[in-house]
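Peer 1: The primary structure of each chain is shown beneath.
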Amino acid sequence: MLNTDFFKELDRFCFMVKKRVTTVYAGERRSIRQGKGSEIVDYREYMPGDDFKSVDWKLYGRTEKLYIRRFEEEKNLTTHILIDASKSMDFGAVRKFDYASMIGAGFAYLVTNENERFALSLFADQLVEVMEPRRGKRHFLAAIDLLNKAPAAGTTRLDLCSEQYSKMIKSRSLVVLISDFMQPLPSIEEGLYKISRGSHDLIVVQVLDLKEKDLGWAEGDTKLYDLETGEMVHVYISPRFRELYRERFEAHSNGIRKACEEVGADFFSITSNTPIFDAFLAIVG
Amino acid sequence: MEFANPLAAFALATFIPLIILYFIKPKPRELKIPSLVLIFQLERKEDVFRSVLRRFVRDPLLLIQLITIALLTLAMLNPFFPALAEVEAEDVVLVIDASGSMQATDVGQSRFEEAVGLARGVVGGKDRVSIILAENVPIVVLRDGDGEKARNLLATLRPRATPTNLGDAILLGKDLLAGKENKRIIVYSDFARGYGPEPALASKLAGAEGVEVDFIQVGREGGNVGIVDIKRTREGYSVAVRSYAQGEEEVTLQLSSKDKVLSSETRSVRPSSREVFLLQNLPGGLLTIDLRHDDPLPLDNRAYLAVPEPKEERVLLISEVEDPYIKYALASAKSLKWQVAVPPVIPPFENFDIVILGEVRSTSLLPGTIESLATYAEKGGNVVIVASDKLQELGGLDPILPVALQGGSGRGKMEVRTVNELTLDLDLQGVTTKYLLAEAREGSITLATAGIDGSPVLAVWSKGKGKVAYFGIKPERSWSDFHLSPSFPIFWVRLTDWMRGTNLVENKNFATGDLVPLGERVEVKTPTGMVTTDRLLLDETGVYEFKGDSIASNLLDERESDIAPGSTVPKEEVKGTVERRSVEVRRYIEDYILVMAAALILGELLFLRRRGEL
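Sequences listed follow chains H and L, in order.
The first sequence begins at 789 in my numbering and counts up by one.
The second sequence begins at 1031 in my numbering and counts up by one.
I should point out that these hints are in silico values taken from the structure, not numbers from a laboratory.
One or more of the hints may lead you astray.
Derived pair list, reagent style EDC-like, types lysine to aspartate or glutamate, alpha-carbon separation capped at 20 Å [unchecked claim]: (1) K1057/L / E1007/H; (2) K1156/L / D1121/L; (3) K1367/L / D1527/L; (4) K1464/L / D1419/L; (5) K1057/L / E1019/H; (6) K1577/L / D1544/L; (7) K1062/L / D886/H; (8) K1011/H / E1228/L; (9) K1495/L / D1511/L; (10) K1001/H / E1060/L; (11) K796/H / D886/H; (12) K1443/L / D1455/L; (13) K1057/L / D1009/H; (14) K1062/L / E1007/H; (15) K1062/L / D1009/H; (16) K1062/L / D1054/H; (17) K1538/L / E1553/L; (18) K999/H / E1553/L; (19) K1055/L / D1009/H; (20) K1605/L / E1228/L; (21) K1011/H / D1527/L; (22) K1062/L / E1019/H.
What follows is a list of derived Cβ distance ranges for each label pair [as the list claims (entries may be wrong)]: (23) I1054/L / H1022/H: 12 to 22 Å; (24) L1635/L / E951/H: 47 to 57 Å; (25) H1022/H / L1624/L: 31 to 41 Å; (26) L1635/L / K937/H: 53 to 63 Å; (27) L1635/L / A881/H: 36 to 46 Å; (28) K955/H / L1635/L: 56 to 66 Å; (29) M1020/H / L1051/L: 52 to 62 Å; (30) L1032/H / F1040/L: 36 to 46 Å; (31) I1050/L / L1032/H: 30 to 40 Å; (32) K937/H / G1633/L: 49 to 59 Å.
Cβ coordinates follow ideal geometry from the N, Cα and C atoms, glycine included.
Given only the sequences and the hints, what does the whole structure look like? Please build it.
Peer 2: So this is what it looks like as structure tokens:
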């Protein structure tokens, strides 16, 4: 649950970040993307099909050749923060959902301070809450309110939710995806691919609890129930079993990391026992 | 599968506490985790078998322990499979026919060599082997030897020339195997005709005592022609040649003496018939009779004949009867030179080979005559005492007379008590005669008796180095009519022949297989070597020499010469080879089960280690 202490920490956090990060969210970044804008980047010869309005007639007067102007696109950036609100996030001494919310709020706070637009949305088996991209403190507070009230429930369908959300992104954006990614790897890969379409910048944050990472707290004859589906499996948890589980868990995380590399996303796997500022610094540093 | 210790099944009761222990163990913990999807993947990675097993068996340890207990219980049950296995060590009696027919050369070197070769191949190293040579009497040449010893001994055995007696050999083998397990008798023979109990019957008797008898036949064909009999006749010697061939065979009989051919005669012998050759005017000495014919059995193609040197026997008849009947009986024998003496004038006994004391009065004899007669007998003389009314009056006869006279006489029919060369074919049986009441003395042989009291009328014994015979029928009508019968002169010729003893043809010619008592241990030169014995078994054909005398030994056996194999044992009982016997054994498998149980225990430990509990 987010509280006022958290905002104080965010202020301190923002001050630290400002000192260290000068170009990421300064609103002055040049975009490598070309399109309609105000500043001319260069010229090229007219080709049939090009917009006739783009022809530089003055240059035609001097050279008697048709050249069209190429402009830099708008450089304002919208940040989309997607947080997993499925039941699997309702786990841990520090709930994974709370930890993910803090990271998401951190991004929102950072963006708000830079007077950029952000949208914060929750997803589970579908998009649960979707906020319009806006600027301002009021919008930020609404997002905090949403995070405080959101119940962690339902299963995770990243593939479906990514497809739905990617259709809502109108312009080039920064997408921050925060989840525990507890679903089959193919579904995760599909979700990452869909959300990264449109050349968005993508930051993927996996939030885990230490207990689920090594199963060190479980031992012997055990019935394990899935938090999301309620499915049960009867196993004997032995050191060997834990070792296999850890290997499997590691492979799962590596699979996500590899998928992120393929789509050009930055991947961060963080356990919820990590101090939030250290975690945030690792992500944006 | 069967179990040697079924009571061990109660050990399965240990299942109950084990299962109870598993039932009362704590219930599994129930935990909720977000990452079950990964555990599902782990579960999928397990092989199908384990997955199925897990579905049915919640805890593999229980299954492992139950199976281990089941296996240990199974091991305690001593499970076994009945199976057939070769007997490792047997008590084997090898009966090898060593008779004359086994010298036939229709297979290999000879039938005997073939049999020995087969026998050597059968004997195993751990067997206890006895070997019996089946001659006319069974001879044990090895008793409970090991396999190697038996094989070595077999290599040294040689065939004999006796008739065969397989039945007694099998019965002896049965007796040798009494009280033993895994016992068998293997008989190697041509199963040509023989003597004694039938081999098949002996086999049945042995089988009744648990002894398996295998008959292994050697020999392929018959077709032999051989000398099967030699007889002395009035005219000389008859030699019988028997053909067992399918067709008519031409044979030549050749008589030789010291490599000098005396006579030769060629005749054709028809199939399965007998041809008799007559040999006359034979000189004394050792003669060889050869049958010139090519057949598988050379053994019966040669016979040896020891003919006594002609010698006149001197006989003294002491009698006061005028013109005694005995005189005429003696006159019928050409080889006898006889003299009648009327007491009191009697020539010295030492000048005669045989002295016959006929009817004389005691008063007619000079004092000391009877004592001289006794001394004569003691020193090797032969005495015949003939009964008369006055015999008892003669004093001093008791030491030499084979009967004790009781005084008085009786009348009754004669009865032959012992059939031998003296009484054979003589018409003594049923002759009514007067006789002197008498009892046989100890050591005498009673050949004939008379009357209901059984008084001896013909008795013989040895006295010192001589022989004494008592003839209890006075040749007179008032006694009987025997002296008038044709048997009377024959009887006297036989009696004098018997008295002469060793110089007879019959005492110099024997059939193989005969046992000749020698009286004392002497060195004997056999046809193939030297032996020292007091009882000579004639198991070779040829000439045996001992104490300056020679005797001939011949096969002369129609059954042995008939070498056609397989007539004495049913064909279905004859085998070609012998295989080592199989017996039902128990193949215990508890060792394998224990190994499996140990493997399971090891598997359980590995499982626990893999699960991290060790």
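Peer 1: Would you mind marking each hint as holding or not holding in the structure?
Peer 2: Evaluation of the provided hints:
no.: 1; hint: K1057/L / E1007/H; verdict: holds, 13 Å
no.: 2; hint: K1156/L / D1121/L; verdict: holds, 9 Å
no.: 3; hint: K1367/L / D1527/L; verdict: holds, 13 Å
no.: 4; hint: K1464/L / D1419/L; verdict: holds, 10 Å
no.: 5; hint: K1057/L / E1019/H; verdict: holds, 18 Å
no.: 6; hint: K1577/L / D1544/L; verdict: holds, 19 Å
no.: 7; hint: K1062/L / D886/H; verdict: holds, 19 Å
no.: 8; hint: K1011/H / E1228/L; verdict: violated, 87 Å
no.: 9; hint: K1495/L / D1511/L; verdict: violated, 34 Å
no.: 10; hint: K1001/H / E1060/L; verdict: holds, 18 Å
no.: 11; hint: K796/H / D886/H; verdict: holds, 17 Å
no.: 12; hint: K1443/L / D1455/L; verdict: holds, 17 Å
no.: 13; hint: K1057/L / D1009/H; verdict: holds, 8 Å
no.: 14; hint: K1062/L / E1007/H; verdict: holds, 13 Å
no.: 15; hint: K1062/L / D1009/H; verdict: holds, 14 Å
no.: 16; hint: K1062/L / D1054/H; verdict: violated, 31 Å
no.: 17; hint: K1538/L / E1553/L; verdict: holds, 17 Å
no.: 18; hint: K999/H / E1553/L; verdict: violated, 113 Å
no.: 19; hint: K1055/L / D1009/H; verdict: holds, 10 Å
no.: 20; hint: K1605/L / E1228/L; verdict: holds, 17 Å
no.: 21; hint: K1011/H / D1527/L; verdict: violated, 122 Å
no.: 22; hint: K1062/L / E1019/H; verdict: holds, 10 Å
no.: 23; hint: I1054/L / H1022/H: 12 to 22 Å; verdict: holds, 18 Å
no.: 24; hint: L1635/L / E951/H: 47 to 57 Å; verdict: holds, 53 Å
no.: 25; hint: H1022/H / L1624/L: 31 to 41 Å; verdict: holds, 34 Å
no.: 26; hint: L1635/L / K937/H: 53 to 63 Å; verdict: holds, 56 Å
no.: 27; hint: L1635/L / A881/H: 36 to 46 Å; verdict: holds, 38 Å
no.: 28; hint: K955/H / L1635/L: 56 to 66 Å; verdict: holds, 59 Å
no.: 29; hint: M1020/H / L1051/L: 52 to 62 Å; verdict: violated, 25 Å
no.: 30; hint: L1032/H / F1040/L: 36 to 46 Å; verdict: holds, 42 Å
no.: 31; hint: I1050/L / L1032/H: 30 to 40 Å; verdict: holds, 32 Å
no.: 32; hint: K937/H / G1633/L: 49 to 59 Å; verdict: holds, 56 Å
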